[in-house]
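So the chains spell out like this:
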Amino acid sequence: MNEDWALYEVFIRARSGLEHKHVGSLHAADARMALEHARDTYTRRQEGVSIWVVRSSDIVASDPQEAEALFEPARDKVYRHPTFYSIPEDVKNI
Amino acid sequence: MYTQALDSPGVGHAALASADEAERERRFQERIDRDEKIEPKDWMPEAYRQTLIRQIAQHAHSEIVGMLPEGNWITRAPSLRRKAVLIAKVQDEGGHGLYLYSAAETLGVSRGELIGQLLAGRAKYSSIFNYPTLTWADIGAIGWLVDGAAIMNQIPLCRCSYGPYARAMVRICKEESFHQRQGYEIMLTLARSGTRAQREMAQDALNRWWWPSLMMFGPSDAESMHTAQSMRWRIKRFSNDELRQKFIDVTVPQARFLGLSIPDPDLRWDEAGQRYASGPIDWSEFQAVLKGEGPCNRERLGARRAAHESGRWVREAAAAYADKHGDRAGAGRPGYAQAS
Numbered sequence: 001m002n003e004d005w006a007l008y009e010v011f012i013r014a015r016s017g018l019e020h021k022h023v024g025s026l027h028a029a030d031a032r033m034a035l036e037h038a039r040d041t042y043t044r045r046q047e048g049v050s051i052w053v054v055r056s057s058d059i060v061a062s063d064p065q066e067a068e069a070l071f072e073p074a075r076d077k078v079y080r081h082p083t084f085y086s087i088p089e090d091v092k093n094i
Numbered sequence: 001m002y003t004q005a006l007d008s009p010g011v012g013h014a015a016l017a018s019a020d021e022a023e024r025e026r027r028f029q030e031r032i033d034r035d036e037k038i039e040p041k042d043w044m045p046e047a048y049r050q051t052l053i054r055q056i057a058q059h060a061h062s063e064i065v066g067m068l069p070e071g072n073w074i075t076r077a078p079s080l081r082r083k084a085v086l087i088a089k090v091q092d093e094g095g096h097g098l099y100l101y102s103a104a105e106t107l108g109v110s111r112g113e114l115i116g117q118l119l120a121g122r123a124k125y126s127s128i129f130n131y132p133t134l135t136w137a138d139i140g141a142i143g144w145l146v147d148g149a150a151i152m153n154q155i156p157l158c159r160c161s162y163g164p165y166a167r168a169m170v171r172i173c174k175e176e177s178f179h180q181r182q183g184y185e186i187m188l189t190l191a192r193s194g195t196r197a198q199r200e201m202a203q204d205a206l207n208r209w210w211w212p213s214l215m216m217f218g219p220s221d222a223e224s225m226h227t228a229q230s231m232r233w234r235i236k237r238f239s240n241d242e243l244r245q246k247f248i249d250v251t252v253p254q255a256r257f258l259g260l261s262i263p264d265p266d267l268r269w270d271e272a273g274q275r276y277a278s279g280p281i282d283w284s285e286f287q288a289v290l291k292g293e294g295p296c297n298r299e300r301l302g303a304r305r306a307a308h309e310s311g312r313w314v315r316e317a318a319a320a321y322a323d324k325h326g327d328r329a330g331a332g333r334p335g336y337a338q339a340s
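Those sequence lines, one after another, are chains A and B.
The working numbering numbers the first residue of the first sequence as 1 and each following residue consecutively.
The working numbering numbers the first residue of the second sequence as 1 and each following residue consecutively.
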């Protein structure tokens, strides 16, 4: 028996000034219902001021197998961080 | 892809595949030992996946069935305040069930499948919910003891190795604390400021819920089939007996404050061990309830099935509406491409 509605991912903005953050998922027949279910499921205690719902099937995710290829190259580029550069202590405001 | 792609079952291949498999398992265990979290699309041993599906599903079912004994008292709550609180609590339990089904779905099983197993009577849920709620004091005792035991069990799960389960548990634990406190408050009102009859009602509820609450921690360590492997995988962090003992140690003084007595003639403070020593648990009762011979097993499943059936037309109407407005998402493969 599998009569599940489509899966949606839910993102909540906790308060204005903050970004929307992934909080979980739910099933709904359509987008409107997904919003209403998200409100009942994820904001019973004022956890948010704004909700995004996105069909899970519309999300393109990177593959953990590719993690090395994607993220390793950044490891040896420490010169991208300010602490890589040594500046004499006498120099101020830099 | 969550499942491992093992190609043709030729003998040479199989040997190669299993060497490969052993290497993957070794690396997986190393990640666990470093306290890294495992996420849905990461490789994991099939047994780890199955163990999690079983545990998370049982947990989700328990939340959903757990709405029934308390729902029984919503219309008879003694005041508007108590009624609003009880509705909020029961709604939370429904929410907890949903968080957990979602977490299970990231492992490649669908919610429909899990609910199907529950309705068919093939899935387990916590045996505690097969006991009846006879008086209002039972609502107090459930919040205090049953939710108290659940919190004891669930707090370590917030650090479980599987990310989606751990995150669901963090959310659940935050909400459970209100459940336990509202229950204790009911007990306080009955036992400390109530009439003699109300005190007796509170004691009677404690008498009936104490032992089933202790059984919620599961079989003793010697009998528990899954503990060792689950600890190695850091799904579980403490054994059943350790958690049960912790629960007894914190709960006995709470009962004393209420002026109620724990229904265990062997209960005494063990000065040397700095803990309470307690009498033996009647595991035959636990086994019988688990097998379906509890006071309410049939009633609970009957109520779930009736709710599922009588909601069918609503689900069908919603689907028809979505179809008509061209907004129906195809029921995607659950857990697939799940942002996490």
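Hints in this document: simulated from the structure, not taken from any laboratory.
Note that the structure is a prediction, hence the values are computed from the model and not measured.
Don't take every hint at face value.
Example chain B residues on the side facing chain A (calculated, C-beta under 7 Å, incomplete) [claimed, not checked]:
id	residue
1	Arg24
2	Asp42
3	Leu98
4	Gln117
Below, computed lysine-lysine pairings styled on DSS-like, alpha-carbon distance capped at 25 Å [claimed, not checked]:
id	chain 1	residue 1	chain 2	residue 2
5	A	Lys92	B	Lys174
6	B	Lys174	B	Lys246
7	B	Lys246	A	Lys21
8	B	Lys83	A	Lys92
Virtual Cβ for every residue (Gly too), placed ideally from N, Cα, C.
query = For this structure, which hints from the list above don't hold up?
reply = Hints 1, 4, 5, 7 and 8 contradicted; others consistent.
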